[in-house]
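S.K.: Start from the sequences, fold in the hints, and give me the full structure.
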Amino acid sequence: MRRYLVRRLVQMVPTFLGITLLTFAISHLAPGDPLQLDTESASAAGGSAAATAAFREAHGLNLPLPVQYGRWLKKILTFDFGRSLQDHRLVSEKLAEALPQTLLLALVSLFLAYLLAIPIGVHAAARPHSVLRRGLSVSLYLLYAMPTFWVAVMLLLVLGDLFPFQGLASEGAASLPLPGRILDTAWHLVLPVFCLSYPTLAVVSRQVRAAMQEALAQDYVRAARARGIPERSVIFRHALRNSLLPVVTMLGMSLPHLIGGSVVVERVFGINGMGLLAFEAISLRDYPVVMAICTLAALVTMVSVLIADLLYGLADPRIRVGEEA
Amino acid sequence: MNRRLLLALLLALTACKDKKPAQLPTAPALKPSLAWIKGELPPEVLQGTPVSGGTFTVRVPTEPLGLNRLHDQQVEGMMARYTVGSIYETLAELDRQTHPRYTLKPLLAESWEESADHLTFTIKLRKGVKFHNGEKFGSKDVKATFDAILLPTNLTNSIRSNFPELTVTATDEYTVVMTTKKAHFMHRNNLLSAVPIFPASALKGDFNTLPINRAPIGTGPFRFVSWETGKSLTYLRNDEYWGPKAYVDKVVIRFVKDETVATQLWERGEFDLMTRIQPSVWRSIEAPTPGNAWAITGYHRINFVENYYSWIGWNQERPFFADPRVRRALAMLYPGEKVAKNIDMDLELPTTCPYYRPSASCDPQVKPIGYDPTAAIALLRSAGWEDHNGDGVLDKDGAPFKFTFLANPHSVKLSKLAPLLQEEFKKVGIEMDVEKVDAAQYVGRLRAHSFDAASLGWNNNDLNTDQFQVYHSSQKTGGSNFVSYDSKAADALLEQIRDTFDDEERHALERKLHQVIYEDQPYTFLTNRPQLDAIKTHVRGIHPSLAWYDLRKVWLLPPNATPVAVP
Amino acid sequence: MRRSRLKLRGRLALWAVIALVLTAIAADLLAADLPLAVRLDGRTHWLPMLTRPVPLRGATQQALAVRAEWIWRTPVPWGPNQTFAANAAVRDTPPPWGPDGNHWLGTDELGRDVLARLIHGARVSLTVGLLSVALCVAIGLLLGGLAGYYGRGVDAVISRVTEIMITFPTLFFVLAVLGLLRISSLFPLVLVIGFTRWTDIARLVRAEVLKLKGLDFITASRALGLSDARILVRHLLPNALSPVLVAATFAVASAILIESALSFLGLGAPPPTASWGELLTQAHRYLTHPGAWWLAVFPGMCIAATVLALNELGEALRALLDPRA
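Protein chains in written order, with our numbering: chain A, 1 to 325; chain B, 1 to 567; chain C, 1 to 325.
None of these hints come from the bench; they were simulated from the model. Yeah, the Cβ is synthetic: ideal placement off N, Cα and C, and Gly gets one too. Treat the hints with care, since some could be wrong.
[Claimed, not checked] Simulated restraints, written as ranges between beta carbons of each label pair:
(1) A:Phe79 to B:Ser115: 43 to 53 Å
(2) B:Lys402 to A:Ala186: 52 to 62 Å
(3) A:Leu9 to B:Glu240: 17 to 27 Å
[Unchecked claim] Not the full set, but computed from the structure, chain B residues with beta-carbon under 7 Å of chain A:
(4) Asp117
(5) Asn154
(6) Asn157
(7) Asn208
(8) Ala439
(9) Gln441
M.R.: Shown next as structure tokens:
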């Protein structure tokens with residue numbers, strides 16, 4: 001077990017280096033300049049050579065790219081993400097502002113999606129002919145085909161009068177008592193959480209249904225039924241436990257997806273999360289911010305893949321981690 | 001299921017439309033007054049006896065990168081307005097009462113003397129002024145601020161470029177002498193009214209990461225309290241202010257980027273001052289329906305022309321655009337009326353002039369080039385552009401008239417022009433491709449002259465504008481003459497204007513320059529942008545000006561007070 | 001019972017996809033600024049929207065209808081780029097204009113017919129979808145085949161590269177690369193989507209090749225002295241094609257989704273290209289004051305229907321080609 005873990009961790013190193021190198025290369029090779037001055041003011045004429053040079057030197061932008069990458073790597077080992085090239089704030093400070101918003105959104109929608117997906121999937125497998133099942137699976141299937149950003153725009157169009165348009169808290173919500181603040185945030189979360197959770201819900205419930213169907217057809221389930229064990233117990237104690245396997249794997253894999261893939265939802269609902277931060281950093285060539293977000297996303301993904309694999313092993317004793325996985 | 005779901009959505013949509021009138025059954029159908037339609041404030045806004053108190057909430061469309069007005073990355077036009085005048089003060093200010101001449105009025109300077117050769121300014125500072133951190137204001141602060149600007153390694157180029165070879169000396173605690181080697185008609189305004197004075201103690205350290213970049217300390221009528229990233233700036237009244245104190249207790253500047261969201265919040269009454277209203281929104285609330293009652297009865301509208309003009313620039317290094325006849329023909333192909341009616345909603349003002357519209361620098365005699373495709377074709381033919389080979393594209397010396405338009409990523413309106421131009425040009429046989437670049441590349445491409453055609457707007461918060469760096473042929477490299485405009489006549493005028501200190505005389509030259517430039521058509525001149533704002537009806541003491549609003553004078557009518565009778 | 005229904009759904013999906021392809025191919029005949037045929041001043045012009053004869057330059061179908069001896073109009077009498085097309089002079093409000101007799105699905109903010117843009121948008125979506133997936137399949141077959149066939153070192157390197165690509169946030173990569181390329185055609189979009197979405201196919205091919213490699217006929221081929229390349233190209237890859245076909249069908253759907261999301265974020269094809277996502281961007285600007293629901297509803301339905309049809313087709317193909325499912 002320990003040896004497996006060590007090996008997996010060692011394997012992460014080249015992956016991590018590869019990702020960061022790729023990001024670094026792409027963002028630095030892209031044309032454009034972080035010192036892009038405002039276009040609206042006529043007075044923002046060409047840069048003065050001295051100031052621009054000083055700026056470049058201070059941020060090491062005048063060095064050859066491999067050296068810059070080396071310097072970045074050295075700093076990252078001490079968790080120093082550097083400063084933004086745009087507003088000169090610490091990147092860590094900026095991340096600390098954006099990450100909680102994204103995490104809240106991601107965790108709530110992931111939790112809700114799984115909370116609903118498992119019973120829906122089980123029900124679908126256990127009662128394949130019920131009207132409820134048909135209705136649910138068809139509507140989930142249809143929803144799944146709808147692009148998130150369209151659903152988001154449509155929700156604003158139809159329900160914009162009922163729900164807040166932007167952000168995760170009302171102006172002045174900070175002065176409310178705690179329950180009021182929670183309620184306020186919950187109210188803001190409704191639409192974006194819906195947009196983020198329905199694709200997961202659709203995929204996971206289908207997965208659960210398929211796994212359950214397979215499990216219910218197994219000999220041991222039939223044997224359990226033959227022994228007169230109540231249906232409820234058959235489904236939940238025997239079949240479900242074994243069908244959770246792929247679901248667990250998916251859970252691990254969907255966390256980074258929710259963190260990295262929410263730029264559209266954040267944009268529509270005006271949430272200042274990681275997606276928007278990344279989007280803006282890329283378009284402004286704010287290299288340190290771009291690198292920090294990418295590093296974070298890669299780390300989260302790699303760790304969750306590992307956790308998913310480990311959980312996979314725990315959930316199914318037939319798979320012994322440590323052997324060829 | 002699919003169809004039913006969509007039907008339900010559509011029903012919900014139509015229900016939304018019908019719902020609003022039903023909500024306000026008793027509200028009378030209001031007809032907005034003519035002044036409201038035009039965006040003029042009623043006289044009672046400037047009448048009555050001011051009372052103190054209340055919070056003044058302003059919506060702004062962008063969040064600044066920082067609040068250091070001197071920093072190149074933080075100078076964006078609107079940004080200066082949030083802090084200069086409220087938190088920071090300049091030595092002198094533009095007198096808002098003197099629109100459209102905008103003379104200077106003392107602020108942190110009590111008086112100043114300009115030498116006869118316009119090279120030396122001796123400035124007497126106001127005594128008894130304190131910064132928000134308790135420090136006394138004096139000549140050391142003025143010197144420190146200018147030193148920060150003049151230090152070549154600081155990113156202060158956009159403001160430093162106004163002051164070539166400037167030296168600033170503090171002769172005593174309240175006297176500053178500023179000397180330049182070359183006179184310039186803009187120096188007085190630039191030195192006195194464009195530089196906010198920072199406390200000397202706050203300017204120590206790395207200029208990029210100064211604490212005051214995010215938490216400014218000034219001498220103004222308001223002091224900075226907090227900046228919630230992505231949300232708002234909060235200022236409180238400075239009760240130790242040297243001059244007449246401000247009236248409102250608190251100013252909240254809220255960053256709401258998304259126009260739809262801003263409109264929603266505005267409709268809910270969350271802003272006392274709503275800025276940058278989109279033309280489509282501005283027009284859509286004019287219909288006298290109960291659904292628009294919130295705007296018609298709840299707000300006064302402000303339509304005020306800014307010192308901003310937009311243009312399409314033709315890179316004159318390209319063979320097709322080198323010929324002024326071609327540029328004139330292209331101007332004739334610009335569907336101005338269509339754009340005015342359908343995109344600008346008749347709110348932007350077509351212009352021919354690079355100067356501020358109401359000023360004496362524009363020549364009213366210049367006749368705008370109208371939309372005239374037939375004349376354009378004739379003009380193109382006289383310049384040698386004809387479809388010789390019958391492939392539907394004009395050509396000359398075997399080269400087809402084909403170029404690329406660099407779409408503006410900064411402006412939704414300007415980016416909308418691309419498909420329109422494409423369509424108009426195609427009709428006469430000019431092929432235009434469109435290239436999209438992101439914001440980090442756009443200006444870089446213009447500066448490198450690596451484009452055929454592009455559009456942009458020039459903006460200035462001051463009345464006076466020196467057009468040298470935009471139109472002088474020496475400014476092709478390092479300046480803002482992106483289109484490589486090169487005219488002996490314009491160069492001579494631009495040089496002469498810089499040395500002309502008599503306003504009347506200079507305006508005459510500027511009018512001449514206006515004629516020359518419009519004749520040459522380095523740009524197709526588009527429009528002046530209006531500032532479309534709205535204030536809640538209980539806001540008093542406010543009026544628009546080139547220097548934005550004067551927050552010192554703003555006061556709020558208490559909710560239960562009877563409106564001031566209008567004589 | 002189940003099986004036949006699945007087949008029916010699959011067939012419906014196939015027809016839907018074929019209809020979409022035909023729409024894309026015939027877009028110019030379905031919606032154009034010039035008629036299918038017109039007789040004017042004693043000359044008959046056939047398909048003038050393709051030949052662009054000089055006498056018809058700048059004309060519209062509406063104008064020609066008055067002047068011509070006879071005219072055969074296109075079903076949708078508007079070109080996708082015809083601005084302020086119908087009755088701009090008599091309208092008292094600026095566009096977007098709602099659906100009416102002239103514009104069945106309304107117009108966008110430049111007064112361009114939404115239906116015409118949707119029809120031509122099908123071409124963009126499909127081009128991007130098919131070309132980028134072709135690229136995905138090419139890369140996937142190559143890398144997956146190599147990894148599966150040679151194993152060991154080659155496999156380790158390719159697996160690591162695949163892992164990097166999976167871990168790398170797709171949208172992030174796309175944003176960065178689009179910044180690098182000049183967006184004056186559809187080409188960069190195709191490239192970027194192709195280079196990010198090949199991982200699924202590569203993994204599939206690798207697994208399939210691994211499975212087949214041990215089979216007798218391959219051992220026999222080797223014994224016959226066939227070259228590696230020949231074995232791989234002639235024997236192994238063709239056998240892996242059916243799962244790849246299924247995966248590619250799903251990939252087309254996902255590429256179309258990515259294209260529309262990118263257009264929504266303003267990174268789509270340059271103007272005046274008609275794209276479904278670009279209409280949704282406009283819809284986001286016209287949620288209220290003035291509202292333009294038709295800009296959101298119709299393009300969204302197009303995207304959803306296309307994705308649904310392709311997913312259904314994928315499912316049906318899987319059922320057909322994979323006996324286990």
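S.K.: None of the hints should be skipped; say for each whether it holds.
M.R.: A quick look at each hint next to the structure:
For Phe79 of chain A paired with Ser115 of chain B, a C-beta distance near 57 Å fails the hint of 43 to 53 Å. The hint said 52 to 62 Å for the Cβ distance between Lys402 of chain B and Ala186 of chain A, and at roughly 57 Å that hint holds. Between Leu9 of chain A and Glu240 of chain B the beta carbons are some 60 Å apart, a value that contradicts the proposed interval 17 to 27 Å. The beta carbon of Asp117 of chain B is not positioned within 7 Å of any beta carbon in chain A (closest approach about 25 Å), and the interface hint is therefore violated.
A least Cβ separation of about 6 Å between Asn154 of chain B and chain A falls short of the 7 Å threshold, and the interface hint therefore holds. Using the Cβ-Cβ criterion of 7 Å, the hint placing Asn157 of chain B at the interface with chain A is satisfied: the shortest such distance is roughly 4 Å. Hint on Asn208 of chain B holds. Least Cβ distance to chain A is approximately 4 Å, under the 7 Å limit. For the restraint placing Ala439 of chain B at the interface with chain A, the shortest Cβ-Cβ distance is roughly 6 Å, inside the 7 Å limit, so the hint holds.
Given the 7 Å rule on beta carbons, the hint for Gln441 of chain B holds: about 4 Å separates it from the nearest Cβ of chain A.
Hint check: violations occur at hints 1, 3, 4; the rest are consistent with the structure.
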